[in-house]
Structures are given as C-alpha cells and as structure tokens.
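**Q** Make a model of the complete structure from these sequences and hints.
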Amino acid sequence: METLKNLRIALDTGQFSSEELVRQIYSQLDKGPDYNAFISLTPELALAQARAADQRIANKTQGLLTGLPIGHKDLFCTQGIRTTCASKMLENFISPYNATLVEKLAQAGMCTIGKMNMDEFAMGSFNEYSYFGPVNNPWDSKRAPGGSSGGSAAAVAGGLIPATTGTDTGGSIRQPAALCGITGLKPTYGRVSRFGMIAFASSLDCGGPLARTAEDCAMLLQEMAGFDPRDSTSIQKDVPNYLLHLDHELPKGLKIGRIPAFQNRHLSQHIQGQFDQVFRQFEHLGAEIIDIELPHLDLGLSVYYILAPAEASSNLARFDGIRYGHRVKNAKTLEELYERSRQEGFGEEVQRRIMIGSFVLSSQGYDAYYLQAQKVRRLIAEDFAKAFKQVDAIICPSAPDIAPPIGESKDDPIKAYLSDIFTLPINLAGLPSLALPCGFHQGLPLGFQIIGNAFDEKKLLQLGHQYQQVTDFHLARPKES
Amino acid sequence: MMEFELVMGLEVHVQLLTLSKLFSGAPTQFGAAPNTQACGVDLALPGTLPVLNRRALELAIRFGLAIEAQIHPNLVFARKHYFYPDLPKGYQISQMEDPIVQSGKLEISTASGKKNDSNSKSTFRRRCRKIDS
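Residue numbers (the numbering used here), protein chains in the order written: chain A, 1 to 481; chain B, 1 to 133.
None of these hints come from the bench; they were simulated from the model. One thing to keep in mind: the hints can contain errors.
Distance windows between CB atoms, simulated [claimed, not checked]:
(1) B/F83 <-> A/H245: 48 to 54 Å
(2) A/L47 <-> B/A26: 31 to 37 Å
(3) A/N330 <-> B/I108: 53 to 59 Å
(4) B/G25 <-> A/F279: 49 to 55 Å
(5) B/S103 <-> A/S302: 34 to 40 Å
(6) A/E293 <-> B/P27: 51 to 57 Å
(7) A/M355 <-> B/V12: 34 to 40 Å
(8) A/K415 <-> B/P27: 49 to 55 Å
(9) B/S109 <-> A/E335: 47 to 53 Å
(10) A/H245 <-> B/K80: 44 to 50 Å
Note that beta-carbon positions come from the ideal geometry of N, C-alpha and C, so glycine has one too.
**A** Listed below in structure tokens is the structure:
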C-alpha cells in the first residue's frame, strides 16, 4: 500500500479513482491475510464516501485527504456502525452519533474502510485482550503487534490500508507503531477532540494518526486537530499548517536531548546499541545532542498504573447493563444485574484495572495512592518543563524490546505494563510525541520517539520527516504483505 | 434549666431557570413530551462529555454576590460514585473542594425586628453545583 501522499497524487492525476482504490482494498482483504486487524468492515459506507470523493476530485474541490482510505480504532463512535471497544459489553452497541474526529475526517472526504481491533477498552499492551481475538504482527504472525491500537498498527504495517486512527493513553499509538515498524503521532493533550472517543482515562487519552510516514501523519493531523466546543479539555489555539515546513532543513543550533540513564536502565540488553545510530543521524542532520536527566521518569510506571485505573474505574461505571450494552439474563435483584452484567461483559484486564482503580480511590487508598500519584505526576511534568528550557526535543526508544510472542505476557501483567515504560511519562505530562521506525532486530522492527514541548507537533513532524529523508526503515515491508 | 440556642441548617436543592441542563444542551421544559428532554450526554452514551452551562454559572455567581459570599476563582468538579438505575453515568458531577460560592450570609427580619448583629444572620456554608438525577 502506498503512502497517503502518493495516493493523493494518484487520485489527483487520475491514475485511479477513489472507488477503485477502496474496492482494491476490500478485494485484498478478501484474498490475503488480515491479521485479525479489523473488527468490522464498512464497504457500503466506504464506497458511498469514495463516490462522493470522486465527484469532488472531478469538480476540483478536493482537499488534502479527499478520497483516501482510513480505518478507525473501534473506540471512536461511528453513527450507525457498531462501536465495540473490543468488548463483549459493547458487542452490539451502535452509536447514534459520530465522534468529532470521525466527523472531521469524513468531512475531509476520507473513506471509512472499517473499525480496527484493539485491546478491550484500550487496556493492554499487546492486543491480547480483545473479545474479538488477538491481532497478529505482520512481521511475524506468531508475535503480538503491541497495543492497545494493535489492529490500527498491524493493518498499516501489513499494507492493508495506508492509515488508521488510534488512541494513546500511555503509549497505545507509539508502542504498537514501534513494534510494527510504522509511524504514529500522539498529539498534545487537548489538540484533538476527545468527544465520541470512548473514555479510558480522561486526563491521559489522546487520539492521533498511524501511517507509514511522518508526512502522512502531518496530513492526518491537519484535519484532526482543533478546538471542539463539545470537549471542554480541547484547546482554543490555532492549528498551524503542519505540511508547510516539512521539507526545510533542521533549524540551526537545534538541540536534542538524550536520557542515557533512563534509556539504559529499561532498554533490553540485546538492542542497547541500536539507538546510537538514531542520534548519529540527527547529528548528521545538524542537531546537537545533549545528555539530560529527568529524575522522576522512573516513577512514571507506578503513577500511571494508579491514575489510569482510577479514571477507568470511574469512566466504566456507566456500563451497568441498564440502558445499553451487555445485560445478564435472569438476574433476580438489581445488585445481581449489575454484578453479573459487568462480570460477563468485561474481560480480565478490564476487571483487574477497575478493581485497582476502585481501591486507589477508596477511603483507605485515596491519600496513600491517588493523591500521592497526582503529586508525582506534577513532578514528572516539571521535569519535562525544565528539560525543554535546555533542549528543543527529546529522543528515546518507543518500547524496551521487540514484539513478543502472542500470549507471552498474559501470565505476567507487570511485565506487560513495563513495555510502556518509555511512553507513559509523556502522557502524564500531556506532551506530543512522534514514534518512528529505526531498525530491526531478528527481523522485527524497532522504534524511537521524538518528544516535544506542548503544541510542538509541527517541529516533531519536521524532525521526523527529515529523518525519513535520510533513512529507509519506514519503507521496509514484511514478507507476507 | 439550661438555655438552648436554636441553630438550624437547611440543604436546599434549587433548579435554576436555564434553557438547557447543567452539563448538556438538552432542554428542561416541564411537562414536555417524554423523551424530548434528554440527549446522549444525559443518557451517558459512550464517548459523550459534559460541558458546563454558562448561564447556570452566571446565576450561581450572581446568587453568591447577593449573599456577600466568596466566589471561588477556580471551578473544581468531582464525581460522586454509586450505582443506581436512574444514575446513567454511575456518578454525580458535584463540587467537593472549593465550591463556587462559599460563606455567604443573609439578613433576616423577625417579629422582634430586623436582626443586624452577626449572631442572627443566616450563613451559607457552601453552595455547590451538581447534577441531580
């Protein structure tokens, strides 16, 4: 599958129509491996959108994304199409409205190919906790694609679709992007509306794009970003032209921070050397590399696994079997209806996090855990604020290791949680971060991230694009696809 | 016999005269047809988010000024959790710390005349805004 950029050129020069492109995607899905990346396919909608897009292209009123295909992570509400969150609880839930992000991309003229598989309610690091079964990594189908946006990442890596949407609460865009060898952006908290994005942890959740290149991510962010009166945490701030300066060389005197102590502590031994070349590339591109220290980063994991479950336990209280969603049969009392509907409707990881969250918010847990975690969260954000007085961006790995075999981490939740050690602190600080592929180990992709100060997406995309001009890791394809 | 002083406290729930609800755009018309006064936010549909009613906030501040209260510069809302069939979200959105209006007072007239001394003024401990099911 070509990049969005190249597909744009092909559509605009009449090499093929959007309808032909959409049909070709479905026929490939029919024939080839689908990695279980999709939960639902929406050909009727996609073809109608494609025909409307072809009309716009014929009338020369097309925009940046008109006629290009997209898949939405199955926690973005889509009107008339089921939105499951990969949960039995919402197996047959059909939303009466569109998420803002879905609406914006549809108005831009994109064609919704389907809804992507994910970890149930976005809780998981390897896409093993989906009611609809695990997703296979296109680089090795016995391995996990990462999570929670595992379907979104695998579909792009496997060449099924040029781009998808995902959400990133603690790394759920960047970690699967790394493990699948693609590019993904977690925007600044508040840059993209959360309205219609089914909440996991409201203070951390962030919607964003997954695609082949930084340039494609820029195209998508251009239409995704912006204030939404329906989301009071979205920011009233102009959306810059993310594409305008992508081709420019890095600004003179650009400083990039490296966090050697943190990186070496958590990166697997066998890939330690692999990231040195990333810094060398940026030196060649004209950046100065500066070693920095962010003393509270190691606490990110503990803080995250207090705050995210706390917010989740609150956000998931609405799934009670009363108005919509799974309802148990033959309950004799109200209590029993609640208990058994939630027991049957939620999978093990979701239940685990609801229990952790309920505990840390309880009267015996609140001061000791929740309040302390909030204070440490502030310290982590201050670490980043101090660092960005010294440097323009920070680079570190996106994940501590290559993609593990499917099922390996299920017996050891702490080990699975550790796979997000490099990404979690960025969500706690609300910052943007762009994940890019940077090499292979044993034939499996490795990725790094460029972290920026709040609303620095434009700079990150330019850095990422420049890096991808001098490297070709983003062009590599798995054999099967 | 010991002398007792009567001290009474009242918890008053007031529905404000706004065109729409405190956290949603749904109308609030009394006696309207069933199912016309609710929207996705009220039903706690997945993905919906609350947006504070500007007019309700204005009315609260106006009330606070009328009773010489402190108006808190920041609004902090909390979620009060319990399961109940008429509580769609599983929580009420309420104010715990730093309610918008705090420590107001109101002068009252009684049979023995207007009371001016601070002892006979009614005080408002706190006024919070919350969603009621």
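**Q** So, for every hint listed, does it hold in this structure?
**A** We went through each hint and held it up to the structure:
1. B/F83 <-> A/H245: 48 to 54 Å: holds (52 Å)
2. A/L47 <-> B/A26: 31 to 37 Å: holds (35 Å)
3. A/N330 <-> B/I108: 53 to 59 Å: holds (57 Å)
4. B/G25 <-> A/F279: 49 to 55 Å: The hint (49 to 55 Å, Cβ to Cβ) holds, given that B/G25 and A/F279 are roughly 51 Å apart.
5. B/S103 <-> A/S302: 34 to 40 Å: holds (39 Å)
6. A/E293 <-> B/P27: 51 to 57 Å: holds (56 Å)
7. A/M355 <-> B/V12: 34 to 40 Å: Between A/M355 and B/V12, where Cβ atoms are some 38 Å apart, the hint holds.
8. A/K415 <-> B/P27: 49 to 55 Å: holds (52 Å)
9. B/S109 <-> A/E335: 47 to 53 Å: holds (51 Å)
10. A/H245 <-> B/K80: 44 to 50 Å: holds (48 Å)
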